[in-house]
Structure formats: C-alpha cells, structure tokens
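K.L.:
Protein chains in written order, with the UniProt record's numbering: chain A, 1 to 240; chain B, 1 to 240.
If you're looking for bench data, these hints aren't it; they were derived computationally from the structure. Any given hint could be a false lead.
Repeated chains share a single entry, so a pair holds when one copy, or any two copies, can fit it.
Derived SDA-like pairs: lysine to any residue, alpha-carbon spacing no greater than 20 Å straight-line [to be verified]:
hint: 1; residue 1: Lys138; residue 2: Gly194
hint: 2; residue 1: Lys138; residue 2: Leu212
hint: 3; residue 1: Lys138; residue 2: Pro203
hint: 4; residue 1: Lys117; residue 2: Leu214
hint: 5; residue 1: Lys138; residue 2: Ser34
hint: 6; residue 1: Lys117; residue 2: Ser141
hint: 7; residue 1: Lys117; residue 2: Pro51
hint: 8; residue 1: Lys138; residue 2: Ala28
hint: 9; residue 1: Lys117; residue 2: Pro160
hint: 10; residue 1: Lys138; residue 2: Asp8
hint: 11; residue 1: Lys138; residue 2: Val110
hint: 12; residue 1: Lys138; residue 2: Thr114
hint: 13; residue 1: Lys138; residue 2: Pro173
hint: 14; residue 1: Lys117; residue 2: Ser52
hint: 15; residue 1: Lys138; residue 2: Arg235
hint: 16; residue 1: Lys138; residue 2: Pro111
hint: 17; residue 1: Lys138; residue 2: Asp94
Protein chains: 2
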Amino acid sequence: MRPERLVDAVLFDTFGTVVDWRAGISQAVAEFSSAVDPNEFALAWRGRYQPSMAPVRSGEREFVDLDVLHRENLEATAAATGLPLDTADPSDVDWLNRAWHRLPAWPDSVPGLTELKRHFIIGPLSNGHTALLTNMAKHASLPWDVIIGSDITRAYKPDPNAYLRTAELLRLPPERVMLCAAHNTDLAAAQEAGLRTAFIPRPAEYGPSQRLDLQATGPWDVIAQDIVDLATQLREHVPS
Amino acid sequence: MRPERLVDAVLFDTFGTVVDWRAGISQAVAEFSSAVDPNEFALAWRGRYQPSMAPVRSGEREFVDLDVLHRENLEATAAATGLPLDTADPSDVDWLNRAWHRLPAWPDSVPGLTELKRHFIIGPLSNGHTALLTNMAKHASLPWDVIIGSDITRAYKPDPNAYLRTAELLRLPPERVMLCAAHNTDLAAAQEAGLRTAFIPRPAEYGPSQRLDLQATGPWDVIAQDIVDLATQLREHVPS
C-alpha cells in the first residue's frame, strides 16, 4: 500500500528546539560585559520569558513583540545581577537585546530542515515576531519556506490562536500541520488545537541543571532523536 | 570609499515579474478543456484581475483573497467564452482555479534570487495571499526568506498599506526596502510610499500584443535587464 504523507506542513518551535539560545545569549553577554557570569545571566534573562508573556496571553496587556519583552526582561535581569546598562552605549544595549535575533542552530537543524523541505512546507511556529525570525533564519541559514511570526497571529503559545491562526494562514486544516518542539507543554497545546505533534529532546537547552523535557511525556505522533531523525521518520510517510 | 548596502530587503512583485502566469495558466486551461483557446482564455481571466480588486481597495468590499477573486473571475470568463465549468468535476475546477499557485518561474528568477539571498532579505510583495505564495515558491523553487501575503497586510497594491505594512512587519523603514517589479504603476506607488524601486522588463508577459511596461517610465533607483542583472547591479552596493 502506498504510504500517505502524514501532514503538509512541519512547523517548529524555535528557541531551544531549532536554535541554542543559551549559547547565543551567553556569548552576547560575554561580549557586552565581564561583570556577570554569561551563562547564569542567560538563564536568568530567559527565566523571565514565560512570565513576561502571561499578561499578553490573558488579555491584560495588548500584544507587544519579543523585542519589547526581551528589553524589559533584560533591564530587570541587569538590575538584579549588577550588569551595567545605564553607563553603556545605547546602541550596544540594543545590540545585546537583539542577540535573540542571532542565535546559532543546533548541529542537526540545518541538515534536518533541508531534508524536510524537499517534501513538506517548513516554517517556525514560534513566539518570535516575523522580523526576529527572519533575521534568525538569515543568521543561522535556516531554510524556512514561510515565516508567520507571533506579530501576525497576535498570540503567544500556548494560546490556541497561535497554532490555529498559523494553520489558517497556510489554508490547511490543523491536522495537516505538525508542530515539532522540545517542550511537552507546547506540544500538548498544539495537540489540543488539533495539530500533529513531534517531540525531539534538547537535554542541553538549559545546561546540566535541566530537569524538564528530558523526554516525551505525552502521546505525540512522532518522537525523534533530532531534526535529521524526524526527517527520516517522516520520509516513511511520503509517497515516493 | 567602502560602498554601503543600498537596502536591507529586496522584495518582488510576483505575477509577471518572477513567474510567467500566462504560460502556467494557458497550460492549466489546456489540460482542463479543449473548448477554448488557452492563451486567449489566460489573457481574459487575467484581464479581470485588476478590476476585481478595486472594490477591496476602495473599502466597498471586505478583504477577500485571490482564491476567491480568481474563482469569481474564472466563472465570469468561462461564461463569456463558453468554457464548460458546470459539467466538470468540482475538484477539477478547483484545481484549475488554483493554477495561480503553480506558475513557472522565468528562467532568470531562481538564479537571480539565489544570488540576492546571499546579501539581502528577499521575499514577495504581491497581491497573492500567504498560502498561494508559499505554494508558488514550493512549486517553482523560489528561495524566499520570508513571505508576507496580502492576507496579512489586508491590502492590495497599489494601496500604500500593502507596501508600508510589509516594511513594518520586517521592522525596516520604507527606504531600506526595495520593490522590484515589471510594472511601472506598482513601482510608482512603492516609491510614493517611500520604498526604493527597481524595474525589470518582462516584454513577453502578455505576449505579442503587449504595449505597456516595455520599458521603465519613472525615476526608479535601478533598471535591470532581469533578476540576475539586478543581483549584479546591487552587488556593487554591498560591502565586501
């Protein structure tokens, strides 16, 4: 029997799943100042990420993009850790804030995405906005077909609108779209919205202290070792 | 003196400028039926394109995408020319209508875009919607970095919002964005909105009867022979 293609589009969480934010942010912090431990600062800055989106998700705050939230979180983290922002050149602070646009890909990301692109529409499904994701793709050579940022859907995951509006813009029913992520909560929300799901572990995302998301904890459609393995597994579902 | 990069993003009109709609539509019509002249039908179908967007531009009609407008225009053209739609399989009619998603690139498009992609953000700035432009890119191997369809800007060119909202989503000032088109009216509107402009002639777009847009008629920033030549000319403005 001829296998059917499981989905038409394979979309990806980006921060942590496709790119190594901890390495990229640590490096940018180290280049900015030697006043703090770069890795610790990166973890602390990222630690404010989910809470900062909560008021947007709940509707208390109008949608603002990640450049705004990252900047607020940068200032709070700097104040808490003693990173000197006020005495720095404003353009250097802006450059540091935009380090989230310049993150390195995990080693398997580009080869895996390149293979997937042969058979599927590929793109990010990220809380990043369109310009950030475009700059990230240029920087890390991510071969996306299409980029629909959170400033287009006006929703932050795991808000169901983030998943559903993306599928709608692709004119695909949710079940023809797969989300691939290293985060079980993201996949749970995508599955609840009707998307297909794939988990890949990124056990080094947070460093040695990582306890969450070391393995799949839900009934995901695919569990893969990395993006290259995901491409191999999905190939079995592609008509030859 | 070190040359500066003229712009950050080089965006393209698609129908006629990047892809040969007359060839693609003629072929799809020929495959659908032998009741009409395929080339004449393609010209007549396309002839209803600009008028059909006018009520959306003026605000009389809420935004509807090109699948909707192409379908209405297909039915009107079929009625006027004797193409039998009612007796055809509905899925064949839908396939014909979506021939606008499957148009062939002009021979210079992919090599020229591939070269431009090395130095600039490249994407369409088209009246097509995101799904149509994504499918077109997959079909014709157009290596866009980002696709912002008219369903995202909710505006049809030459409405200034089409140009300005695209630049805004890229977080670029209009003068850092270039529109490349084979149509002088499109470039005039882009220039009026503050974008940079490049003209490339597509004298075969409408076939032997073409009288418009055989040459540049405005003060465009660049006039190129084709997209490969555009890449060559813009390379002179790129820091090496």
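K.L.:
All hints, please: hold or fail.
P.N.:
Hint check:
For the homomeric pair lysine 138 and glycine 194, neither the shortest alpha-carbon distance inside one copy (31 Å) nor that between copies (25 Å) is at most 20 Å. In this homomeric assembly, lysine 138 and leucine 212 never come within 20 Å of each other (Cα to Cα): the closest approach is 30 Å inside a single copy and 37 Å across copies. Proximity of lysine 138 and proline 203 under a CA criterion of 20 Å is satisfied in neither setting, with 25 Å inside one chain copy and 33 Å between copies. Taking the shortest alpha-carbon separations for lysine 117 and leucine 214, neither the intra-copy value of 27 Å nor the inter-copy value of 37 Å comes in at or below 20 Å.
Taking identical chains as interchangeable, the C-alpha atoms of lysine 138 and serine 34 are never at most 20 Å apart, the minima being 28 Å within one chain and 46 Å between chains. Taking the shortest Cα distances, lysine 117 and serine 141 sit within 20 Å of each other both inside one copy (13 Å) and across copies (11 Å). For the homomeric pair lysine 117 and proline 51, neither the shortest alpha-carbon distance inside one copy (34 Å) nor that between copies (37 Å) is at most 20 Å. With identical chains, the CA atoms of lysine 138 and alanine 28 are at most 20 Å apart within one copy only, with a shortest distance of 18 Å there and 35 Å across copies.
Proximity of lysine 117 to proline 160 under the C-alpha cut-off of 20 Å is found in neither arrangement, the shortest distances being 25 Å within a copy and 34 Å between copies. In this homomeric assembly, lysine 138 and aspartate 8 come within 20 Å of each other (Cα to Cα) only across copies, at 12 Å, whereas the closest approach inside a single copy is 24 Å. For the homomeric pair lysine 138 and valine 110, the shortest alpha-carbon distances inside one copy (12 Å) and between copies (18 Å) are both at most 20 Å. Proximity of lysine 138 to threonine 114 under the C-alpha cut-off of 20 Å is found in both arrangements, the shortest distances being 14 Å within a copy and 13 Å between copies.
Within a single copy, lysine 138 and proline 173 get their C-alpha atoms only as close as 29 Å, which misses the 20 Å cut-off; across copies the closest is 19 Å, which meets it. Neither within a single protomer nor between protomers do lysine 117 and serine 52 lie at most 20 Å apart by alpha-carbon distance, with minima of 33 Å and 34 Å respectively. When the C-alpha separation of lysine 138 and arginine 235 is checked against a cutoff of 20 Å, the pair qualifies only between copies, where the shortest distance is 18 Å, while the shortest distance within a copy is 26 Å. Taking CA atoms no more than 20 Å apart as the test, lysine 138 paired with proline 111 passes in both settings, with 15 Å inside one copy and 18 Å between copies.
For a Cα distance limit of 20 Å, the shortest separation of lysine 138 from aspartate 94 inside one copy, 19 Å, qualifies, whereas the shortest one across copies, 36 Å, does not.
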